[in-house]
Amino acid sequence: MPETAELRSQRTETQEDDPIELLYSRGLTDGLPVVPPTEARVKRMLEATDRDPQELIGTIGPNYGRATIEKIAINAVMAGCHPSYFPTVLAVVEAACEDQFCIHGINVTTFSASPMIIINGPIRQQIGVNCGHNAMGHGFRANATIGRALRLIIINIGGAKPHEITKATMGHPAQYTFCVGENEEESPWEPLHVERGFRADQSTVTLFGGHSPLQINDHASRNAEQLALSLGWTMAGLWNHKNFPLFSDTVLVVCPEHAKTFKQDGWSKNDLRQFLYEKIRRPLRELRPGVNGGEGAGVSMLRTDAKKDREPATDDTLFPKFPKPENITIIVAGGTAGRFSAAVQGWAGGNAGSKITTKVI
Amino acid sequence: MGEMFLDPTDKVERSQKVFAPRLDTLQGKTVGLLDISKSKGAFFLDRVEEILRQQYGVKDVLRRMKPTVTRPAPQPIKNELQEKCDAVIEALSD
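From first to last, the protein sequence lines stand for chains B and W. Per the working numbering, the very first residue in the first sequence carries number 83; after that it's consecutive. Per the working numbering, the very first residue in the second sequence carries number 2; after that it's consecutive.
Chain B extracted, bound-state conformation (with noise of 0.2 Å):
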């Protein structure tokens, strides 16, 4: 920050011994204990940034609280981020306020949505992101800490508390903190950002409104084709086995041993998204509500049968599980022994909803 920029941010002194205990009594944690914001944590969090303290990045709904750049920081503290990190909590930030990432919708859903962080490019290596074995589960500060960076951002600045105003029905463990570095070095493909228009020299962070990873295990395909047909049926599941099609991104996480799999044959990722588009599909025999379950396509698909670019639907009218390829969204992540791909089942998307949003670091 400029030498002569000041905090704005009204001090509070502790009474308690315990300064944990007070952030607690004040309803400013996750539900776990978080670093004491001092002013001086504060100021070397700022020290990372020649950005002024107070230039706005954005509001952040439901309460449309302004995040600025102190804010983030006294909260990037508070979830235990090393200052090396602020450049990429701002993309986070950044990327979180883009309306067509509509954060507003996905702090307050009954879906329980939160968003995944995608880190690509150098800085991966040097702030420490971990991409490997464990890619979205704990041990790393950098993947830890700018995950749960968002997430009090969220409750502090943006408002969103659950039994307040958040109405999540179920919420899962990755609303805590969801951040996972793409495992470049392991992918056959080009890395996400450069796939969406970025050089592979730039970092970068994504932001996916979704919802938590569902593991899926393939330990038999030999072959691309094989692979695919499962974890496509295996993703038939997300969200409900009828939704049929989905309203929502998908972002399919796979494996490095999957990923030569796919290499093996010479699939592309463009080949993976039309595969599992045109694969997995189901009869509309199948998908009426009332068959296998009260759920099923929805009303609107169901009135397709009136659409001027569609054949009438009759039972056997094929629906997709993925409305289009460009809706999967694939990166490599996790370690390379094992064959573990995970798919993480989006909230709704598109303009009605979320869209999957790049900010450069």
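For the record, the hints were derived by calculation from the structure and aren't laboratory data. The beta carbon of each residue, even a glycine, is placed where N, CA and C say it ideally should be. Mixed in with the good hints there might be a few duds.
Said to hold, decoys possible - Computed Cβ-Cβ distance ranges for the label pairs, DEER-style:
#1 W:V49 / B:E307: 48 to 56 Å
#2 W:E81 / B:L400: 50 to 58 Å
#3 B:Y106 / W:M66: 52 to 60 Å
#4 W:P68 / B:K249: 19 to 27 Å
#5 B:R93 / W:M66: 44 to 52 Å
Could you slot chain W onto chain B? The hints should help.
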């Protein structure tokens, strides 16, 4: 003296919201029904409209719909409901 810490919340001053004056009767009033675009909202609001017209003698019912459930209602819709209606019912459904 204890440790000092900085406030992580946004302390923007917000204007105090007050409730609109309560209505004594719905007779002869215009009631806005805002469908938030959730599935089957219209089904529910059709019945509400019927009850309002038949049992409460409202003068008019103004039906509007948010483009998407995921975002707040666009300002023009809010303005119109505020200007034309004596009361508004916003329907959440699923």
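Hint-by-hint comparison with the structure:
| no. | hint | in the structure |
| --- | --- | --- |
| 1 | W:V49 / B:E307: 48 to 56 Å | holds (52 Å) |
| 2 | W:E81 / B:L400: 50 to 58 Å | violated (43 Å) |
| 3 | B:Y106 / W:M66: 52 to 60 Å | violated (42 Å) |
| 4 | W:P68 / B:K249: 19 to 27 Å | holds (21 Å) |
| 5 | B:R93 / W:M66: 44 to 52 Å | holds (47 Å) |
In the structure shown, a violation is registered for the earlier hints numbered 2, 3, in ascending order.
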